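K.L.:
Chain by chain, the residues:
2 protein chains.
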Amino acid sequence: MEDSDTMSLTESAPEAQPEATSGRRGRGAAARRAQRSGGGPGISMPFITRKLGVYEVLDEEGLSLIERNADKILEEIGIEFRDDAEALALWREAGADVKGERVRFPKGLCRELLKTAPEVFTQHARNPARSVQIGGKATVFAPVYGPPFVRDLDGERRYATIEDFRNFVKLAYMAPSLHHSGGTVCEPVDVPVNKRHFDMVYSHMKYSDKPFMGSVTAPERAEDTIEMCKILFGADFVDQNCVTLNLINANSPMVFDETMVGALKVYARNNQACVVSPFILAGAMSPVTVTGTLTQILAEVLAGAAFTQLIRPGAPVLFGTFAASISMQSGAPTFGTPEPALVSYGAAQLARRLKIPFRTGGSLCGSKVPDAQAAHESASTISMTLLAGTNFALHSAGWLEGGLVSSYEKFMIDVDQLGMQQRFAEGIDLSETGQALDAIAEVGPGNHYLGCAHTQANFQQAFYRSALADNNSYEQWLAEGEKRIEERARALCRSWLDSYVAPELDPAIDEALLAYITERKDSMPDAFT
Amino acid sequence: MEDSDTMSLTESAPEAQPEATSGRRGRGAAARRAQRSGGGPGISMPFITRKLGVYEVLDEEGLSLIERNADKILEEIGIEFRDDAEALALWREAGADVKGERVRFPKGLCRELLKTAPEVFTQHARNPARSVQIGGKATVFAPVYGPPFVRDLDGERRYATIEDFRNFVKLAYMAPSLHHSGGTVCEPVDVPVNKRHFDMVYSHMKYSDKPFMGSVTAPERAEDTIEMCKILFGADFVDQNCVTLNLINANSPMVFDETMVGALKVYARNNQACVVSPFILAGAMSPVTVTGTLTQILAEVLAGAAFTQLIRPGAPVLFGTFAASISMQSGAPTFGTPEPALVSYGAAQLARRLKIPFRTGGSLCGSKVPDAQAAHESASTISMTLLAGTNFALHSAGWLEGGLVSSYEKFMIDVDQLGMQQRFAEGIDLSETGQALDAIAEVGPGNHYLGCAHTQANFQQAFYRSALADNNSYEQWLAEGEKRIEERARALCRSWLDSYVAPELDPAIDEALLAYITERKDSMPDAFT
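Just so you know, the sequences run in chain order A and B.
Sequential numbering of the first sequence, starting at 1, is according to UniProt numbering.
Sequential numbering of the second sequence, starting at 1, is according to UniProt numbering.
Please keep in mind that the hints were generated in silico from the structure rather than gathered at the bench.
Bear in mind the structure is a predicted one, so any value in this text is a computation, not a measurement.
Cβ coordinates follow ideal geometry from the N, Cα and C atoms, glycine included.
One thing to keep in mind: the hints can contain errors.
Rough simulated footprint, nothing fancy, chain A against chain B, three-plus residues with beta-carbon under 8 angstroms [said to hold, decoys possible]:
hint	region
1	277 to 289
2	443 to 453
3	457 to 466
Listed below are the simulated DSS-like cross-link pairs for lysine-lysine, each with C-alpha atoms no more than 27 angstroms apart in a straight line [said to hold, decoys possible]:
hint	chain 1	residue 1	chain 2	residue 2
4	A	Lys195	A	Lys230
5	B	Lys72	B	Lys99
6	A	Lys51	B	Lys51
7	A	Lys483	B	Lys483
Looking at chain A on its own, in the form it has when it is part of the complex:
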């Protein structure tokens, strides 16, 4: 057996070099090897195409009950679109009943509008081998989004910086099982708040060649994202293709605010994808029940997603669901518990009936450290994410402490688990090699399979090889210093960052991006709040 687990992780074997410059090798033999082994850094796997079915928790009766109730909410209670006269005018024009900022929708209006939204689309990456399918049987894993803090490689919890941001972009670029660079992988609080979107979007463009997300914190920042995409991809290409995916949270219950509506309008108008996501801590932003929460989510998504089609029919839009619950004792958010899993499974079914792609889940947890609590909560969430048939899974790596912290250690642990999810989704090989009847006949009763011809021919790609699990004997583990998984994760993370090589970027494009950023930054004063 040629190499040890350790070798494949820490040494620079030929296949462990970043492949961006060679274009499409990512789908070849190296990628298949990566898929089996957890991968060395830089070996990207294509997005997941699920060969297994989805798990469903609601039958037709339950689904149509929730749909009827959501229609009732839309018709009788309505949804507020705040501080946006254009939105209200568009809804009035489309036939909705608008009173103040409250929009009530005639039965069927939102569903009718959504018919122009694509069921499946491609989000293009600057490296075409990294482009991803959104929708259908595809699942795309993206890193954590939003934390103002990091837990760094010295174990310190502190505010995140642009340096951390770049590190997480680099790690996501190198991680075989992340198909997407994400968006706000952490909040670079050392950069002025009104300027940091430039640095974030630029980092995704420069340090990775995977697809990424745009800024949504103000309409003009969304415009900047579009302008930078035009420099990177060309203006015509951007107008006709999705090159950025953008997180539009509803202010649940039943409100879309000025900021989110503003960003949504910019992206939809430019044919870019919006992920319309009610952000739900059940019990606070929705009822304390699964069915009630699902009903509200469906109503909110119907209104928000349909609105994208009022802006530009055909613009890609996702049914998003962020579901957690709260402790009814302390009010604290809780993650990885059964009820939010049921919500997400149900929401996935509702999205399929609407024929638009679905986003939920990730590797969510409430723990302050990457301990067994963090892992249990993350595992419960990510296995649900895959089995539900989720198309886009934000927060799949690095999320700690209820999303307040991006953790380097947890990032590495999560990435390893994502590789296992991807392997699982491949399903079962029923070929003659898979059947292995020759092996069973060759070995016979009472012997072992280690040396048989079939094993020799197939062991290399037989089982997923975890990059971080320790399966050695107790004695060996003791001799090696009784390391916990987070210590191994830290060492692996350091070795990845040390071996990072940036994907090539056309110097003329790089220059143009930097010139745009400088000009725009110079036009505004620094703001820190």
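Put chain B on the given structure of chain A with help from the hints.
P.N.:
Chain B alone, transformed into the frame defined by chain A:
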């Protein structure tokens, strides 16, 4: 809100008293509360009746391919029944082709024999409220089986003792989400090897009132188990009802040895349940592929399970599967990886087609400590266990280090997770309360649900309350000493053991059991190997 998470765990609230003496309260309001809250110690939940569907990984084509291939193994390669002339004679009589110890089965023989085995049966506990259904939509969680070591409450890894054994029986008795007392919860190596089965079986009978497993390490120890069961339940009752469930491992590939066949014969003859379980480390005891492994498992189970019906038609028998894989680099067993999960999902489907109950899974892991590796591997295994539709899940709590260690801390962490699995299996409440339309109307856009009437009426049972997860603020967690989950688990475990109260046992029965044990022990010398 009346009480804190902490209170419900550590104080002796009225509902936190063991309920054994009051008989059937376990299915009442206290049990429902336990189900939502993770439970205080001693509040038992009834076995799981799954309201959700199963997840399946093979279609008709795959299933019938595997069945055809397994038939071919049975017909052409055969299975060995070693050192047991009676077994060979019975097979010959039944129409099998017996050459030496190799038994080859005419097509369909094993399936035909298995038609007398029950699809669903009850394993009786001495407290009728604790009896469990085995088969159908029922899932029963039982603790870890077999470790010679413990990791104790001082963090020390050492050989297990009978004191540890009693402690784990007590903990399983007190754990709301364990429905079964299990068997060899750890190996009490301080008791002579030829006598420890008495102490083990007696501990289950004395310190718990949940159903339990019998000794399988020698036919005469199985006989002792039966005799003790007759004292506890009455001889007639034992002959007509299942009161013990017994683990019969195949020596994969394709061998049943003298010890296991001997124990199987004793239990089947006495109408007690056998769990016929190929113990598979794929790549060593089976081919390196999922389909090949499933094929061999099916062949082995068909032969072993059918044999129980030769002994006594109608004796309960389970389709068992213990599936792990090995590292093809070091040969070490690995747990919680994708391939064994696919094996177990597939085996569950094959068992349903055979119409006999199914055993697999648990909370398996290879980690040496209850860290994120342990949790990820355990979570992957236990969520598969439930979604596959497993009927009996051994190793559901306490398993550490590839089954070499029973861990007190991990036991508590696992038990908490089992409670979440049980809650999940309840599915979604579609009642008017579940729909919560009044709440949505009452709250309206932009407000919160914390104070609304529906929340006030329903929050108590709304969400699963973890006994161990910390969801407090970072600042509060810091102030409380930055505790990891295993520290909280240790404290909770101590408090459970301190508050243990034994279920009542008729003193005459207790005396008779002790007299039987004394007489039998006195009849043999101590043996330590």
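K.L.:
Against this structure, judge whether each hint is valid.
P.N.:
A quick look at each hint next to the structure:
no., hint, verdict
1, 277 to 289, "holds (count 8)"
2, 443 to 453, "holds (count 8)"
3, 457 to 466, "holds (count 8)"
4, A/Lys195 to A/Lys230, "holds, 19 angstroms"
5, B/Lys72 to B/Lys99, "holds, 17 angstroms"
6, A/Lys51 to B/Lys51, "holds, 26 angstroms"
7, A/Lys483 to B/Lys483, "holds, 18 angstroms"
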